[in-house]
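S.K.: Here the sequence shown is numbered in the working numbering, starting from 219 and rising by one per residue.
None of these hints come from the bench; they were simulated from the model.
Some hints could be false.
FRET-style restraints, in silico, Cβ to Cβ [what the hints assert, rightly or not]:
| no. | residue 1 | residue 2 | range |
| --- | --- | --- | --- |
| 1 | Ala239 | Arg283 | 17 to 25 Å |
| 2 | Ala287 | Arg241 | 17 to 25 Å |
| 3 | Gly274 | His232 | 16 to 24 Å |
| 4 | Leu279 | Ala233 | 18 to 26 Å |
Note that beta-carbon positions come from the ideal geometry of N, C-alpha and C, so glycine has one too.
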Amino acid sequence: LTAAWCITCLVNEHATLDTAAVRQAFAEHRIVALKGDWTRQDPEITAWLQKFGRSGVPLYLLYDRSGTANVLPQILTRSEVLDA
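All chains should be built: construct the whole structure from the sequences, respecting the hints.
M.R.: Here you go:
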């Protein structure tokens with residue numbers, strides 16, 4: 219979950235999520251990335267944030283094959299994403 223005004227979100231996207239290595243890993247493992255935009259503080263996204271103990275963005279979730287959500291750190295590195 220992200221927002222247009224979230225500097226951490228923008229840095230994570232540029233430095234980690236939108237890199238060739240991460241895009242390639244997602245493709246190889248058939249991972250589909252979904253993005254929720256909290257720019258206008260949508261109530262449904264607020265509920266997701268609260269469900270995972272967050273009061274704001276960013277929130278990165280990686281679901282395993284069983285459907286369990288794994289919460290990734292707010293500040294992402296390529297290695298953290300690739301190892302998750």
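S.K.: None of the hints should be skipped; say for each whether it holds.
M.R.: Status of the hints after comparison with the structure:
1. Ala239 x Arg283: 17 to 25 Å: Distance hint for Ala239, Arg283 holds at roughly 22 Å.
2. Ala287 x Arg241: 17 to 25 Å: With Cβ atoms ~22 Å apart, the hint holds.
3. Gly274 x His232: 16 to 24 Å: holds (19 Å)
4. Leu279 x Ala233: 18 to 26 Å: Taking Cβ atoms as reference, Leu279 and Ala233 lie about 19 Å apart, which means the hint holds.
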